[in-house]
Structures are given as C-alpha cells and as structure tokens.
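Q: This is what each chain is made of:
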Amino acid sequence: MEHIVIIGNGIAGITAARHIRKASDCRITVISGESDYFFSRTALMYVYMGHMKWDHLKPYEDWFWEKNRIELINAWVDHIDFKNKELGFSSRETLRYDKLILATGSLPNRFGWPGEDLDGVQGMVTKQDLEKLEERTSGIHHAVVIGGGLIGVELAEMLHTRKIPVTLLVRENGFWSSVLPPQDAKMISEHILAHGIDLRHETELEEVLGDEQGRVRAIRTTSGEEIPCEFVGLCAGVRPNIKFLESLDIETHKGILVNEFLETSVPDVYAIGDCAQQKKAIGLRKPVEAVWYTGRIMGETVAQTVTGTRTSYQPGNWFNSAKFFDIEYQTYGWVFNKPGLNEQHFHWQHESGEKAITIAFDTETGKFKGINTFGIRMRQKVFDRWLNEEKTITHVLSNLKAANFDPEFYERHEAEIFKYFTKNLQNT
Amino acid sequence: MSRIEQNMSVTGEAAATLNTGQKLASFLGMSGLIILCLAAFNLNFPNKVLWLSIALGSIIAGICWFAQATYSGRPAGIKNDGVWFKSMTSRGYLAYLTGLGLTGFYILLYFYPEYLGLRAQGDNVGLIALFDPLSYLLSGNPASQWFVYGTLYTIAILAFGVKFLWKYRHNRYEKLRTYSVMFFQLAFAFLIPEFMSRLNDDGMNLPYYDLKNIWPLNYYNFEQYRIDGFLSSGDIGLALLIFGVVSIFVITPILTYKYGKRWYCSWVCGCGGLAETAGDPYRQLSDKSLFAWKVERWVVHSVLVFVVLMTTAVVYSYLGYDSSKYWLTRDVFLIGVGVFLSLLFAAIWYFKRQELQKDARYGAIGYLVIILGLIAFHYFSGQNLFLFNAENLRQAYGFLIGSIFSGVIGTGFYPIFGNRVWCRFGCPMAAILGMQQRLFSKFRITTNGGQCISCGNCSTYCEMGIDVRAYAQKGENIVRSSCVGCGICSAVCPRGVLKLENGSTNNRITTENGVVGENVDLLDLLKQKSL
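Same order as they appear, the protein sequences are chains D and G.
If you read the first sequence in the working numbering, its first letter stands for residue 1, the second for the next number, and so on.
If you read the second sequence in the working numbering, its first letter stands for residue 1, the second for the next number, and so on.
Some hints could be false.
Straight-line distance between alpha carbons at most 25 Å, and here's what the computed SDA-like set of lysine to any residue pairs gives [unchecked claim]:
#1 D:K401 <-> G:H170
#2 D:K53 <-> D:K83
#3 D:K163 <-> G:K442
#4 G:K442 <-> D:E408
#5 D:K67 <-> G:D287
Hints are computed from structural coordinates only; laboratory data are not their basis.
Remember, predicted model here, so these are calculated numbers, not experimental data.
Make a model of the complete structure from these sequences and hints.
A: Pasting the structure below:
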C-alpha cells in the first residue's frame, strides 16, 4: 500500500491528510513535534485570554484520526534521505515514504537585534510559544511588543487582558501601514490607543537589554529611549520554517520552491502552506503566503495531485480577515496601502470611528478592484462574483446591501455611503 | 496540554479578580438573599412590605450594579476575557457551591414546600408569607410557593437581562431578543396570569395560564381540571382553550417555518429567557462531543413520545363514550391521535426521508409502531390505555420531567452542565420545534465562504453544544434542530463568518464545498469524488 507522509499537522498538512483519505485508501502518516493533535493556531490567543481552553482549539475529537486511519506521530524530523525516500527523526528512528508532503509552517522573523536571545524575548506562533508566554508573563509589570502587524496587535490584546501594560512599537506612522491605506491605518491606530495600549509610531527596536541573569530588563529604541520591561514579543512577520532542509538537495529560496502543482524540485515531494514558495507568483499574490485559507486550499489541491488527479493550485480572488481589538476587518480583492497607476481610493468612515470602508477602483473605467471593510461584515460570495464579473464601483456601491453580512437588525450604512460617494467622488 | 491548563488557572488572577464595585454589588445582592433566607428560617419580619421591598430591591440593585461595575467604562465588544479562569464560570468551587444552592432550592420548592412556609391549614408562614403583600397587590390572594418562585424567576430574568444588555450593547440582535424575553416573562408569565385570577371572583374559574407556555412544554394544559375550568368560564375560557390548541397546531408551525424555533426558544420562552440571562455566564459549559449529540437526540425525542402518550392517556381518561360529557368522545379522540401521528409520519417520510439519519429513521418507525401498537392493544384487550393508569403516567411525567429534569437538573446544574441542559436534552416543545426547524423552515446559519479560521469560539460559546465550527470551516450552512438562534456564535466570531438568516428553502442544506477559493473546476471535481 502506498504510504503518504506529511510533515506538519497544521491546517495545510491536516487538510491534505483529510482529503487524501476522502480520495484514497492509502496509508497516511502525519508527523508533528509541536502537538499530538491538530489545533487551530489562530486561536492560541484565546487560550491565553481565557476565552477557551486548550481542548476547544482542536477542531476534531481525538477519536477522529484513528477512525479515518490517519496515523499521527509526535516527533521532530531532522533529516530526509530523498534518494531512499526515508525520514530520520531526532530520536534516530526512521520512516519510509512513497510520497512526502512538507507542511512545516513558519517561524517568527528575527533580524539579529542585539539581545534578541535573552530570556523573555519570544515570538507568538507555536504551542510552545504560548507555554513560554504563560510562564514569562506571570506577575510582570510591563511588556513591549515589536511589530505593527496582525500577530503584534493580537499579542498586545492578549497581554492587555491580563492587565499587563503594553508598549507596541510600530515602524511606520500608522498601524500595519505596509498593507492598510493611511486612513484605515489611522483609524486602527486610534482604536488601539483608545484601548490603553502605548502605541509608538515610527519607533524601531535598537537593542534588547538584559540583567545579570540574562533576563530582559528593558529595550532601547533607535531614538535612544529606554523602555523598562520584563517581556519582549517579536512580531515583525514570519518566515518559512525550512532550516532543516538547508543542506539537502531541494530547491529553496525564502521557502521551498514549488510549481503550480505544488511539486518541489524532488520527485514525489510536495510543499504546501506557509513553508511553500511559488516559483511563479499567482496574480498579485505574494510567492509566500502565510494565510490560513491558502494553507487549506493548498492542502485540498495537493491531495488531488497525490491521489492521481494532477491539479494546479488556484487560490481565486484574494480575500482575508482579522480582528483588531473590537474592530473586525475583512478585505476582498486588492486594496494596497497606496493607490496604483490609474487607481483611486474611495474612503468612508462612520462617525463612531469604528466602522469604515475603503474601495480601490480604476480611475478611468471605474472598475472595482477591491474593498477593505472595518466593523461591517461583508459576504465573500457576492464580492467574489463582482470581482469576477469586473463590476464598477458604482455598481458595487449601489448594490452594497446585497453584500452585507452583519447580524440582523444592525444599523445599516449603505445609503449614507452611497450618498457620500456621489457627493465626493462621482463628479470629480 | 495539561501544562497550559495548569498554568492558565494559576496565573490567570488578573482577569479573575473582582473590582471594588463588583464586590460591593455582590455584597448588596447577597444581603437581599440573606433576608429571604432568614424569612425561610421563620424569622418573622414585623413589616413585611418594607422587608420584602428591601430584599427584592437589594437583589435587583445588586445585580444591576454588578453589571455596571463589570461592563461600563469598558469599550463595547465581546467580553469573554478570563471566562475559563474564573471559579464561577469554569466549574470551580463557586460553581459547585452555586449549583448546590440552586438544586437545594428546587428540591424544597417541588418536594418540601412546607420548609418554605407552606401550611395546609391556616396562613402560610416564613418565606411564602413574606411575599403575601406583593401577591395581594397583584391577584388579591395570599402567596403560594409558586408565586415566590415566579417572582424570583421574573426578577432573575429582568436583572440578569440588564446585565446581558450591558454585555452585548454593541449587538442589536442580542438586545432586541433580550428585551423580548424580559417583556414576555414580566407580562405573560408573571403579571397577566395574576391579573387573570382576579377575574375568577366574578363566577369564573380560569386556571392559571401563562399564555406563551405552549403544550407540550406546558404538559398539564389539557388536564381535566383545566379543561373544566376553561369550559366553565364563558367565552374567555373557551377562547383561551382554543388559543391553547391553535398555538401548537397553527401559530407554532407558521412562525417556525418563517423564523426557525428561535422565535420561541430565545425570544419568548421563559425557560429560554432564564437560560439566556441568568444562565449566560455558563453557556460555554455545554458538551460538544458527538456522543452528547447522540444522547441528546434519543433523550429529547423520548421525552416527546412520553408526553404524547401521557397527554393522550390523561385526556382519554376523562372523555366519555358518548358526547354527553364533552363533544369529543374517547374513540374519536384516540383514533384521531392515531391518524394524526400516522399522517405526520407519512408526510415526513414522503418529503424528507433522504434528510433523516439512519438512527432517526429507526427511532421514528420504532416510536410510531409502539404508539399505534399500544392503541391497538388497548382495543383488543380492553387493558388500560398504554398499560398504565393515566394518573400514574401523569404523576410520573410531572415528577421525572416536570420537576427533576426541567427544574433540579435543568436549572440547578446551570454552573456545571451549562444553561440549556433542559432545552437541549429534555424539552418536548424544543423537540417539536426542532423537527420543524430541521425539516420545514427557512431559518439557517449561513457561513461566509472561506473566511473561517477554525478558531472554535462559536462552538465553545454555543449553549446547545452544537459544534458550529465543524460546519463553518467547511463552508456549510448550519441547519440543526437544536439551534435556538441565540446568535452568540455569530457575535463571538472574530472573522464575520456566521449569520442567522431566514431565506429560501432551496439549497438551505449544503454539503462540503471543498475548495474555498471559489475555484469552480476544483469544486466540481471534489463533488464527484467526495465520499
């Protein structure tokens, strides 16, 4: 019986395993050193905040894996013999495979800051990070979080719920300004400040300072200011976790290079999820995407390929979502932080400062290119159709009601948005 | 795993501690409870009006103040920080203590009301007597143990309703729903029946009737003393009796078709009202395992069969063989019940058979055969209908289901098993509404394409123990008979994935879409290949 081995039990690896099982009777083994069972990484924060317990993070009950004949191994792989199709574990044991799927995920970026290895400095990606965080933030008086991105704001919120004062350092002049247009970034910055987070714009980490025991005692910013703290969260992005492949004969760059079928340079070896890097970028997407749903789609796609239906990875129109404290964010299509050539942004913000939309459209044709929506839920299916059908911004705004996904009885703003649009933009 | 859990509970102090306002508010509310306890221990308060007002006033004020101290001054939004660190909401010491107290109260109320001051002869004493002034004010009669219970129940829904409104002040669906249960409890369950009993002075004999309490939740509605009461109370009585029948056979199906069972379970019902307000802090304690779901299906539908048998036997027992006593005769009634159940079964089988799971089919056939068999057996052998004496069946149901299940376990165990144990495992009304909701309704919870990140907030905070995430992460609609439409899954979702909707019945039940990037080719492929 063919043996398919998957390294990594995150969303990509587990989705692959599930869909391989749907399509085939082969032997499936999933290896992870991080946890016994698949859990939702995106929800780690809720365990720290006391919204959920560890068991709630597991989308499948523990009996699921045996019932579906998916073998789970809790171990670290530290060597792969591609020629003999054999994995070597850190325990010196080995395992043979016929097809191998690499789904090893990401690690937090470290930029060689002085002091970044001190006790009390860490990222927030893995289960082990959560355990360390729990230990190191017990009874502390101040924490510093580096990085104005999705994990940064989540870590700040986590610490905030434990009543630990947080300073959040952001390199740009607005939160997540490398992605969000200025007005959006400004609104989120204000929201974060309103929650009592000491958000510092245009401030970068220079050095982490330690005490005699090798523990963090403060950080110094590039402007020379010292901020005392007992904990430093490094949230300046993530990178593919591929260090264990360094000396092996497989093509890598930032991540493991794959073609459109998610095949690596080694026959019968595939890479999916955060650790994979597309040789040829798909549309405007980045070659490496550390996003939950792309991991899932890659898992579904590779499952087709390894079970005999060679299928190319097509993630469709870009979309994503996040939550910044109490403001939900969704995006459909492309809205970049600055309008591109022949492109314009339409921005509307509610007086509460907690709801807004920004729409990118073509200045000449009016073609709708994408939307950022804050505090108003939108229906993916509708925006997906509008993007595929290349609708204009006028069409989108006059039919915005059809895309609303807010709970029943919520206050509606479509009329106000449309009026604002006709007044401010259509005549120019 | 255990390492995380242990650490969590040890270092979670920050979120778990009470602030000064919360402490003072707890003290105020508790002192009101202590006055009630003292009354129960037969301390005779000289001025009942004053002391009752102080007691109930401090309880209400204490709860509202606690809510104010908890939520005001904090930004609107989801307030689940530290839920699993707090003893009260994570099955800790306080939870067991509260569960014990509530359970004890229910046992006294149902089985030993004399300890609350009920006297067979002469005036009541103790706690019940303390409530006399309020009871005289409303109905003109002295208080009973049920009046005490009704008053405290209403206060709980109103005061904890205020707390819930504060907690979800950003969510209009939750706010409207809570105003609704508060209104129905105060007006329909508490005030109107009390006022109605004033009518009885004028030669009327109306039974105590909470109009929104529909059979079979109100399992005693068609007992002889009530039917006689309705029939001897002129047009009003007849109208109420007709309303009782119409509400189950006409109003309920129409509203459930249009809005799902939520119109009742989380907007109107008193049990639901208490669960959604006083029970809200315990919603995360429901069991989400597949095993619990299986148990739920068998238990709740068995209770439904039990109540149908019991009611049929009770009604049958007082009907006559000819139409001199009531226009409905025994034979017409019994055959009518048999024909109705058979037609209902046939309709479901014909239209919806493919939507029934194997165990649902077996269960439905089995139960129908048992009921029809028992009716036939009765005709052939002349034995008691359903083998047991109707009065015994009624008493058994009242004791096991009416008292133990809905009261002692259903509410007493809120802090241990969650706030909807009765609604999920025991309520026959929920079983009927659930069947309609699953098979004949426009209601569903829609999921938003591929936005789900499987975080599990929805499943954790589902009071009915539905594994919402299992559907959301596959992009499937949630169409479950047990869903009471409280809307909390949608509220706690951090990615805007869930929406409660009434829509077309076409494509209401969807299956796994496979690829979530709306990739059409691959989607078709997966459909062909899916197991």
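Q: Indicate, hint by hint, whether the structure satisfies it.
A: Tested hints:
A distance of roughly 20 Å separates the Cα atoms of K401 of chain D and H170 of chain G; the hinted pair therefore holds under the 25 Å criterion. Taken as a hint, the K53 of chain D and K83 of chain D pair is broken in the structure, with Cα atoms around 43 Å apart against an allowance of 25 Å. Restraint check: the Cα-Cα separation between K163 of chain D and K442 of chain G comes to about 45 Å, which exceeds 25 Å; the hinted pair is violated. For the hint pairing K442 of chain G with E408 of chain D, the CA-to-CA distance comes to about 15 Å; that is within 25 Å, so the pair holds.
Only pairs whose Cα atoms come within 25 Å are accepted, and K67 of chain D paired with D287 of chain G is accepted, the gap being roughly 21 Å.
Violated hints, listed in ascending order, are 2, 3; each of the other numbered hints is respected by the structure.
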